[in-house]
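A.B. asks: Residue numbers (this note's numbering), protein chains in the order written: chain P, 2 to 315; chain F, 1244 to 1549.
Read the hints as simulated data drawn from the structure, not as lab findings. Be aware that a few hints might be false.
Here are the simulated SDA-like cross-link-like pairs (lysine to any residue), alpha carbons at most 20 Å apart as the crow flies [claimed, not checked]:
#, chain 1, residue 1, chain 2, residue 2
1, P, 51, F, 1257
2, P, 143, F, 1381
3, P, 46, F, 1373
4, F, 1325, P, 306
5, P, 46, F, 1381
6, P, 51, F, 1376
7, P, 51, F, 1381
8, F, 1366, P, 50
9, P, 51, F, 1367
10, P, 143, F, 1254
11, P, 203, P, 223
12, P, 143, F, 1253
13, P, 219, P, 205
14, P, 51, F, 1253
15, P, 224, P, 57
16, P, 203, P, 231
17, F, 1366, F, 1376
18, P, 143, F, 1257
19, P, 46, F, 1367
20, P, 219, P, 146
21, P, 51, F, 1370
22, F, 1366, P, 52
23, P, 51, F, 1372
24, P, 203, P, 137
Here are the simulated distance ranges between beta carbons [stated by the list, open to error]:
#, chain 1, residue 1, chain 2, residue 2, range
25, P, 205, F, 1537, 32 to 38 Å
26, P, 197, F, 1531, 53 to 59 Å
27, P, 49, F, 1437, 15 to 21 Å
28, P, 205, F, 1437, 23 to 29 Å
29, P, 43, F, 1314, 31 to 37 Å
For glycine and all other residues, C-beta sits at the position ideal for the given N, C-alpha and C.
These are the residues of each chain, in order.
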Amino acid sequence: MPDLLKSPAAAGLTVTEPPGPPLPAPDAILTGGTVSSPWSEFWRKFRRQKLAMVAGAFIVLLFIIAIFGPVIAPYRMDQPDYNNMLAGPSLQHLCGTDEFGRDIFSRILVGTRISLWVGLSSVLVSAFFGTILGLISGFYGKWLDAFIMRFSDVLLAFPGILLAIGIIAILGPGLGNVIIAVAIFGIPIFARIVRSSALTLKNTVYVEAARSVGAQNKRLIWKHIFPGAVSTVIVYFTMRIGTAILTASSLSFLGLGAQPPTPEWGAMLSSGRNYLDQAPHVAVFPGLAIFLTVLAFNLFGDGLRDALDPKIKS
Amino acid sequence: MLKFIVRRLLGMIPILFIVSILIFSFVRFIPGDPARLVAGPDATYRDIQAVRAQLGLDKPVVTQYIDYVEGLLRGNLGTSLKTGRPVAEEIGSRFMATFWLTVVSMGWAFVIGLLIGVASAVKRNRWQDYAGMFTAVSGISLPSFWLGLMLIQLFSVRLGWLPTAGFDSWKSLVLPSLTLGSGVAAVIARFTRSSLMEVLREDYTRTARAKGLHYNIVVWKHALRNALIPVVTMTGLQFGFLLGGSVVVETVFSWPGLGRLLIDSVAFRDYPVIQGEMLLFALEFILINLVVDVLYAVLNPQIRLE
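Just chain P, with the same shape it has in the complex (with noise of 0.2 Å):
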């Protein structure tokens, strides 16, 4: 026992110190030893997540279709066949015909392309307008957060899709309104985490550092404030996206958003209702589409919320 107390090496830790030649200058310690920057930091951690793993993994796979799903689906997804009304799933039909008789499999791959940028874009112009009025209300304080705050609790003060529901009401039904709709109703989520970031940050030390060596408002809200929010958002920018895939989808079913002819997987399913009793596979391919392109956003952004923040730490 008292050997192992003496010498590290018997206790199996590997010592790196050789026994002959002179240490090696602070220089070489620096770059040649295992200096994790950032990424590799967050990559280590993202890594152990083997689901959110899977999940990115699928999410490529969905862009990848979103790009060439017209050019790889097997048939026109606009080409009727009357001989082939609501088939079944078979080899030539993946995923069965619909009452029209056109390929439900070929239909879904492009509306990959539809539901990702509603996805996508709607998010992007949320948390765009979300951050900035986010970081103005954080940063500045006084009237403008109380003005900026009080609009947001109003606009919170409706249900998301409820919200989406009433904007339709007024710019009419369709996918570009649908897509204004829920941008809209997200605004409000990022400017308050993003201001709740901005409060905290303002406070650091660095941000008074900085200022104390005269750095301009506009320089510490972006270069100081904003890089440390910039987690968050991207955390609640993955599971938005999900969200507004889920939101975009219910109101196109309820007939609000995208229209019949265009693939859209919540159009899909709501012509379909009507032939659910003879054929369910109508129903049932557009919405496992939609299920498992939002579950794996949602399950990404678990993912990168459990490696990113910090506070969740186990």
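Please arrange chain F on chain P, whose structure you already have, making use of the hints.
C.D. replies: Okay, now just chain F, sitting in the frame of chain P:
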């Protein structure tokens, strides 16, 4: 405590003011002439004038707003363009169906969500946890209209156990409330898990264990009580989510509630009804937020000190 409630009540006034202006302006946001739009494509000039008068669009804006608020205070929400009945009556006749649907959904969602959350927190990083959390994230990702259609297909069409549509008896409530509650149950499960896990790390939990109490007693009697505070708050806020979700679920199950009324009204451009419903939803939501805030202060003494 009273001071806190009064302050929160006063804080509602500016929000209510902005909400009332927003909802009042609702019809005026419509691009083009709303009266012409409502009257339809082959309306005569006189028809359009009549609709304009009915919507109150022929008077100065400020007068219109004062009339609107005055009407609101008397409980007058206008007249439905579709049925000609007062909007308050239209909404009143639908209210209970949505109320029951929401309450039953929330009831089972809370129980199931809590059980899954506790099981996951206690069996942390084991298969029970993974299964529970995967179920939860699936619940959040499920399109409710799809879930509803699949449940109808299975339990009503194939097995014939439950009705497919309408609201006649408690049996009618089963499938819609399952559909509506699944998302909320999932959110509650995730929240309970993280909240309970935090409490289980606290010193007093360890003390309770150290003095020899059984683990189950520590979890259910000591830890859960404190873990529930944020869960209750969050559950209250989920009511708003249910109000929104009911629009979709009521459409799937042909439920005679407020959600379907809203969709029908949007399709018909029945603006007074849409306005009335938006106002009701906003009021409900603001009120729930207030109750949740007060409840939170009652449950958690730390808040009152601020």
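A.B. asks: Now, for every hint given, state plainly whether the structure supports it.
C.D. replies: Verification of the supplied hints:
no.: 1; hint: P:51 with F:1257; verdict: 48 Å, violated
no.: 2; hint: P:143 with F:1381; verdict: 42 Å, violated
no.: 3; hint: P:46 with F:1373; verdict: 18 Å, holds
no.: 4; hint: F:1325 with P:306; verdict: 48 Å, violated
no.: 5; hint: P:46 with F:1381; verdict: 23 Å, violated
no.: 6; hint: P:51 with F:1376; verdict: 14 Å, holds
no.: 7; hint: P:51 with F:1381; verdict: 16 Å, holds
no.: 8; hint: F:1366 with P:50; verdict: 18 Å, holds
no.: 9; hint: P:51 with F:1367; verdict: 16 Å, holds
no.: 10; hint: P:143 with F:1254; verdict: 16 Å, holds
no.: 11; hint: P:203 with P:223; verdict: 12 Å, holds
no.: 12; hint: P:143 with F:1253; verdict: 19 Å, holds
no.: 13; hint: P:219 with P:205; verdict: 17 Å, holds
no.: 14; hint: P:51 with F:1253; verdict: 49 Å, violated
no.: 15; hint: P:224 with P:57; verdict: 30 Å, violated
no.: 16; hint: P:203 with P:231; verdict: 15 Å, holds
no.: 17; hint: F:1366 with F:1376; verdict: 11 Å, holds
no.: 18; hint: P:143 with F:1257; verdict: 16 Å, holds
no.: 19; hint: P:46 with F:1367; verdict: 18 Å, holds
no.: 20; hint: P:219 with P:146; verdict: 17 Å, holds
no.: 21; hint: P:51 with F:1370; verdict: 14 Å, holds
no.: 22; hint: F:1366 with P:52; verdict: 19 Å, holds
no.: 23; hint: P:51 with F:1372; verdict: 15 Å, holds
no.: 24; hint: P:203 with P:137; verdict: 11 Å, holds
no.: 25; hint: P:205 with F:1537: 32 to 38 Å; verdict: 33 Å, holds
no.: 26; hint: P:197 with F:1531: 53 to 59 Å; verdict: 22 Å, violated
no.: 27; hint: P:49 with F:1437: 15 to 21 Å; verdict: 18 Å, holds
no.: 28; hint: P:205 with F:1437: 23 to 29 Å; verdict: 26 Å, holds
no.: 29; hint: P:43 with F:1314: 31 to 37 Å; verdict: 57 Å, violated
Comparing the model with each numbered hint stated earlier shows that hints 1, 2, 4, 5, 14, 15, 26 and 29 do not hold.
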